[in-house]
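Engineer: Sequence:
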Amino acid sequence: ETNERVRTGIWVGDCFIYNNSSWRLNYCVGGEVTTMFHLDRPMYLLGYLASQSRVYLIDKEFNVMGYTLLLSLIEYKTLVMRGDLERANEILPSIPKEHHNSVAHFLESRGMVEDALEVATDPDYRFELAIQLGKLEIAKEIAAEVQSESKWKQLGKLALSTGKVFS
1 ETNERVRTGI WVGDCFIYNN SSWRLNYCVG GEVTTMFHLD RPMYLLGYLA SQSRVYLIDK
61 EFNVMGYTLL LSLIEYKTLV MRGDLERANE ILPSIPKEHH NSVAHFLESR GMVEDALEVA
121 TDPDYRFELA IQLGKLEIAK EIAAEVQSES KWKQLGKLAL STGKVFS
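In UniProt numbering, the protein residues as written are 1 to 167.
These are calculated hints, taken from the structure and not from any lab test. Take these hints with a grain of salt, some might be off.
Pairs of lysine-lysine, BS3-like flavour, derived with a Cα cap of 25 angstroms [to be verified]: (1) 135 to 97; (2) 140 to 157; (3) 97 to 140; (4) 140 to 164; (5) 153 to 140; (6) 164 to 153; (7) 157 to 135; (8) 135 to 153; (9) 164 to 135.
All chains, full assembly: derive it from the sequences and hints.
Structural biologist: See below:
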């Protein structure tokens, strides 16, 4: 349950898209709220065009603004929330790579850290997930790739604490 004041909102399948009195454009899937954009003025939702994957808003001066919201991302999150991981994984390839870290953060917030590691593309984030899971080989590959002294130190401490030695 979220306690905030909704100005305007629309349903797109199982997803509620809304803007609030704090001038944020949000969407909610299965109780999880994601802020898409911080608006610079009060705006009102006009609708969602699935063919363009865009949410349209209008202000008091009749200026229309469009923001991207991928239907595939909403479908993916909905399926994960329902526990239908098989169908969710079928949709994942249709989500552009630049949104995969967002998907990974969503999965991590659901306690699905292993899945988040598979989906994440950012090396720093992947390193943190690998460390969190104790997957030292993956963390080692990432540390070697990005050549970060701090990552090697963090990896070394974890390896010592777990009694693992690298060759």
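Engineer: Hint by hint, note whether the structure agrees.
Structural biologist: Structure-based check of all given hints:
Of the pairs offered as hints, the one joining residue 135 and residue 97 holds, with about 23 angstroms between alpha carbons and a cut-off of 25 angstroms not exceeded. Restraint check for residue 140 and residue 157: satisfied, since their Cα atoms lie roughly 12 angstroms apart, inside the 25 angstroms limit. A hinted pair counts as satisfied when its Cα atoms are at most 25 angstroms apart, and residue 97 with residue 140 qualifies at roughly 23 angstroms. Between residue 140 and residue 164, the direct Cα distance comes to roughly 12 angstroms. Compliance with the 25 angstroms bound is thereby established for this hinted pair.
For the hint linking residue 153 to residue 140, the alpha-carbon distance of about 11 angstroms falls within 25 angstroms, and the restraint holds. As the CA atoms of residue 164 and residue 153 are separated by approximately 14 angstroms, the hinted pair is consistent with the 25 angstroms bound. At roughly 13 angstroms between alpha-carbon atoms, residue 157 and residue 135 fall within 25 angstroms of each other, so this suggested pair holds. For the given pair, residue 135 sits about 15 angstroms from residue 153 by alpha-carbon distance, which is consistent with the 25 angstroms threshold.
Distance check on the hinted pair: residue 164 and residue 135 sit about 11 angstroms apart at the alpha-carbon level, within 25 angstroms; holds.
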